[in-house]
Structure formats: structure tokens, C-alpha cells
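A.B. asks: Sequence:
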Amino acid sequence: MTTEGWTLIPTWVGRQPSCGDGDYKISTDDTTAGSQGVMEADDAVYTALTLDIGSGAIIYNDIEGANGWTSCPGDDDNVLAYLNGWDSEIHRLGFLSGYYSSASYNMAAASTVSHVPDDIWFADYNSNTGTFGDPYISDSLWSGKRIHQFNGTHNATLGGVVLSVDSDCIHGQATGAVVPSQSCSYF
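If you're matching positions, the sequence shown starts at 1 in the numbering used here and goes up one per residue.
The reader is advised that the hints may include incorrect statements.
Below, computed lysine to aspartate or glutamate pairings styled on EDC-like, alpha-carbon distance capped at 16 angstroms [to be verified]:
| hint | residue 1 | residue 2 |
| --- | --- | --- |
| 1 | K25 | D76 |
| 2 | K25 | D77 |
| 3 | K145 | D134 |
| 4 | K145 | D118 |
| 5 | K25 | E64 |
| 6 | K25 | D52 |
Simulated restraints on C-beta separations [to be verified]:
| hint | residue 1 | residue 2 | range |
| --- | --- | --- | --- |
| 7 | N128 | L51 | 15 to 21 angstroms |
| 8 | H154 | T11 | 17 to 23 angstroms |
| 9 | T112 | V161 | 39 to 45 angstroms |
| 10 | R92 | L163 | 34 to 40 angstroms |
| 11 | L163 | T28 | 35 to 41 angstroms |
These aren't lab readings, by the way, just hints derived from the structure by calculation. Model, not experiment: these values are computed from the prediction. Even glycine gets a Cβ: it sits at the ideal position worked out from N, Cα and C.
With the hints as extra help, turn the sequences into a complete structure.
C.D. replies: And the structure:
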């Protein structure tokens, strides 16, 4: 697809916060959570390679906020331990690490782990089509390495086909291209 001009944002939806939805959870034990992050990174890289997404590409780990994009008491540390395990293993395997979540859910805290994600992709449906100026994330963090999802799921018609899409602005890493200046899709 990249040979046809598409830019991809490979996204891995693995374990989720212990108090969130679903059954595939991050452990409440920080050591186990870190190990789970390593195992998820191994699976994500294996899958990327089978899809001809080679080393050096970025893979974003999608960790949805729990209970309406807020954290649970005691949940933040194990989510960050999981993310740290993911980041270290993704880097060890020759890929770049990305982190997708709500701007209000652990996004700024992700800058404090020992293995910091290379890029972030944050959801904040605030009608700001820029990648900076978000109240939850300092502009000094991840400069030029951001994607902002500014509009949630909605229908758009493309080529006569109705699709369910989100709207994003990118100023950072994607597979098939590095976007040096901001580019937005407004569907």
C-alpha cells in the first residue's frame, strides 16, 4: 500500500488497563505488567514482519483509558510498567515505539518511563486541528513526533463508499513516510 502513496499507522491493540473493558488485561503487578509489555511487543513485531512492515517502522500501542478515559486507583503504575516493557522490547527488535491513548490518560506520564515512546498519538476531541497546545501534554514533549485525533468516529463518504472514520493531524512518524510538517485528514 505504501507504494501506492498510502501512509500507514500500524497500531497494536493488546492488553488494556486492569479496570477497563474486556478480559485481556494488564496485570496489577508491575513486574508482570512489564513482562506482558515485552510479550506484546514480540507479537506486534512478528505480525508487522508478516505484513512486510520492516524494521525501523513505528508500531503504536493502543492503550485505551479506563472508565471513561480516567485511571483507576493504583492502575497508572502498572500501565506505565507495561508501556516501558513494550518500549524497551520494540527498540531491541529494531522498531520505533508509539503510544496511542486519550490525552488525559497517562500520556504525559509516558515521558517519565525509562524507555520513552518515540512518538505519541493522542485522542482529544477538542476541535483543535493542531498537534500542539493540548492542555494535557506539554508542548516540550515529543516535539514533531505527534498525531492528534481531534474528531472521533463519524461517517465519511470516500469514492462513493460510506466509511466510519476518525479525523487526525499528523506531525511525526508513520510507516511509508515521516511527516515533517503537519498534515490533517478532515473527513
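A.B. asks: Against each hint, give a clear statement of whether it holds in the structure.
C.D. replies: Evaluation of the provided hints:
Pair hint K25 plus D76 holds up; C-alpha atoms about 13 angstroms apart against a cutoff of 16 angstroms. Distance hint between K25 and D77 is fulfilled; the C-alpha atoms sit about 14 angstroms from each other, no more than 16 angstroms. Note on K145 and D134: the hinted pairing holds, with a Cα-Cα distance of about 14 angstroms set against a maximum of 16 angstroms. This hinted pair checks out: K145 and D118 have alpha carbons roughly 7 angstroms apart, not beyond 16 angstroms.
Proposed proximity of K25 and E64 is supported: the alpha carbons are some 11 angstroms apart, at most 16 angstroms. A C-alpha spacing of about 28 angstroms is found between K25 and D52, which places the hinted pair above 16 angstroms, so the restraint is violated. At roughly 32 angstroms, the beta-carbon separation of N128 and L51 lies outside the given 15 to 21 angstroms, and the hint is violated. The supplied range of 17 to 23 angstroms is met by H154 and T11, whose beta-carbon atoms lie about 19 angstroms from each other.
At about 43 angstroms, the beta-carbon gap between T112 and V161 stays in the expected band of 39 to 45 angstroms. Separation of R92 from L163 is about 36 angstroms and conforms to the stated range, judged on CB atoms against 34 to 40 angstroms. For L163 paired with T28, a C-beta distance near 38 angstroms keeps the hint of 35 to 41 angstroms intact.
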